[in-house]
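Engineer: Protein chains in written order, with this note's numbering: chain A, 1 to 116; chain B, 1001 to 1114.
Worth flagging that the hints you see were computed from the coordinates, not collected in a lab.
Please note that the accuracy of each hint is not assured.
Okay, derived cross-link-like pairs now, DMTMM-like style, lysine to aspartate or glutamate, Cα gap no bigger than 20 Å in a straight line [said to hold, decoys possible]:
| id | chain 1 | residue 1 | chain 2 | residue 2 |
| --- | --- | --- | --- | --- |
| 1 | A | Lys-56 | A | Asp-24 |
| 2 | B | Lys-1044 | A | Asp-24 |
| 3 | A | Lys-37 | B | Glu-1041 |
| 4 | B | Lys-1044 | B | Asp-1056 |
| 5 | A | Lys-71 | A | Asp-24 |
| 6 | A | Lys-37 | A | Glu-58 |
| 7 | B | Lys-1071 | B | Asp-1086 |
| 8 | A | Lys-103 | B | Glu-1018 |
| 9 | A | Lys-37 | B | Glu-1018 |
| 10 | A | Lys-68 | A | Asp-24 |
| 11 | A | Lys-103 | B | Asp-1056 |
| 12 | A | Lys-5 | A | Asp-31 |
| 13 | B | Lys-1062 | B | Glu-1018 |
| 14 | A | Lys-37 | A | Asp-24 |
| 15 | B | Lys-1044 | A | Glu-42 |
| 16 | A | Lys-103 | A | Asp-31 |
| 17 | A | Lys-54 | B | Glu-1057 |
| 18 | B | Lys-1044 | B | Glu-1057 |
| 19 | A | Lys-37 | A | Asp-84 |
| 20 | A | Lys-68 | A | Glu-58 |
| 21 | B | Lys-1062 | B | Asp-1086 |
| 22 | A | Lys-71 | A | Asp-84 |
| 23 | B | Lys-1027 | B | Glu-1068 |
| 24 | A | Lys-5 | A | Asp-59 |
| 25 | A | Lys-103 | B | Glu-1052 |
| 26 | A | Lys-5 | B | Glu-1041 |
| 27 | A | Lys-71 | A | Asp-31 |
| 28 | B | Lys-1044 | B | Glu-1063 |
| 29 | A | Lys-68 | A | Glu-15 |
| 30 | B | Lys-1071 | B | Asp-1056 |
| 31 | A | Lys-5 | B | Glu-1040 |
| 32 | A | Lys-103 | B | Glu-1041 |
| 33 | B | Lys-1044 | A | Asp-31 |
Chain residues, written in single-letter form:
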Amino acid sequence: DQQVKQNSPSLSVQEGRISILNCDYTNSMFDYFLWYKKYPAEGPTFLISISSIKDKNEDGRFTVFLNKSAKHLSLHIVPSQPGDSAVYFCAASAYAGGTSYGKLTFGQGTILTVHP
Amino acid sequence: NAGVMQNPRHLVRRRGQEARLRCSPMKGHSHVYWYRQLPEEGLKFMVYLQKENIIDESGMPKERFSAEFPKEGPSILRIQQVVRGDSAAYFCASYGPGGANVLTFGAGSRLTVL
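If we strip away everything but chain A, and leave its shape as in the complex, we get (with noise of 0.2 Å):
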């Protein structure tokens, strides 16, 4: 049972355009969402997150849209880098309580290059 989707396995994209990462969940009690980084042989790198409470969250290049009633969200990146190439998880977690935001349901990841 796949609650977090990441469709599309690969995204090619030339520097300086926009690349746009797509994610879809089917659990409804999901309410903050993150996206993370992730370079060869490291541990992923949070990179931003939302609060279901919001639409929209920017910083700096990168920006997280969510729309709820699609159970859908999507990260922006804008302009894109060469040092942007990684792969990049979606994630979301149910509050349950305390610290229960640390068990995440991540996507399968979509592998970003970035040409020059």
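Dock chain B against chain A, hints included.
Structural biologist: Just chain B, lined up with the frame of chain A:
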């Protein structure tokens, strides 16, 4: 402030042997999570521990796997009688008070079962 430290980074075991993976959380963090990433898949939650307590082990296989986070020392994920299907990257993450609702991950331990 050192990050989450995991060792060994690479571990090779033969079928039937035991694997022990260690995780030292960030300084001041008392919550540890273990995740497993199988080839071509995303990370999957295994277990959540606080010092000396297992809080949630709903993602742990019922047999052969165990985890602990003692009062002193690192958290340990133990896999007994390993099988080829246990070959994966195992990531530890920590979370502490006062921070954002964000896990900090270690670099992972890659287990290969021959």
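Engineer: Can the restraint linking Lys-103(A) and Glu-1052(B) be considered satisfied, given a maximum Cα separation of 20 Å?
Structural biologist: holds, 19 Å
Engineer: Are the Cα atoms of Lys-5(A) and Asp-59(A) separated by 20 Å or less?
Structural biologist: violated, 23 Å
Engineer: Holds or violated: Lys-1027(B) with Glu-1068(B), Cα cutoff 20 Å?
Structural biologist: holds, 18 Å
Engineer: When you check the alpha-carbon spacing of Lys-37(A) and Glu-1041(B), does it fall within 20 Å?
Structural biologist: Holds - the C-alpha atoms of Glu-1041(B) and Lys-37(A) are around 15 Å apart, at most 20 Å.
Engineer: Does Glu-58(A) lie within 20 Å of Lys-37(A) when you go C-alpha to C-alpha?
Structural biologist: holds, 16 Å
Engineer: Given the hint that Lys-56(A) pairs with Asp-24(A), does the C-alpha gap stay at or below 20 Å?
Structural biologist: Roughly 16 Å between the alpha carbons, so the hint for Lys-56(A) and Asp-24(A) holds.
Engineer: For Lys-71(A) and Asp-24(A), compute the direct alpha-carbon distance and say whether it is at most 20 Å.
Structural biologist: The hint holds at about 6 Å.
Engineer: Starting from Lys-1044(B), check that the Cα of Glu-1057(B) is at most 20 Å away, please.
Structural biologist: holds, 12 Å
Engineer: Would you mind confirming whether the straight-line C-alpha gap from Lys-54(A) to Glu-1057(B) stays at or under 20 Å?
Structural biologist: violated, 31 Å
Engineer: Could you grab the alpha-carbon distance between Lys-71(A) and Asp-31(A) and see if it respects the 20 Å cut-off?
Structural biologist: holds, 11 Å
Engineer: Would you check the hint for Lys-1071(B) and Asp-1086(B), treating anything up to 20 Å between C-alpha atoms as holding?
Structural biologist: violated, 28 Å
Engineer: Could you grab the alpha-carbon distance between Lys-71(A) and Asp-84(A) and see if it respects the 20 Å cut-off?
Structural biologist: Given that 20 Å is the threshold and the Cα spacing comes to 26 Å, the pair is violated.
Checked against the numbered hints above, the structure violates hints 7, 8, 9, 17, 22, 24 and 29; every other hint is satisfied.
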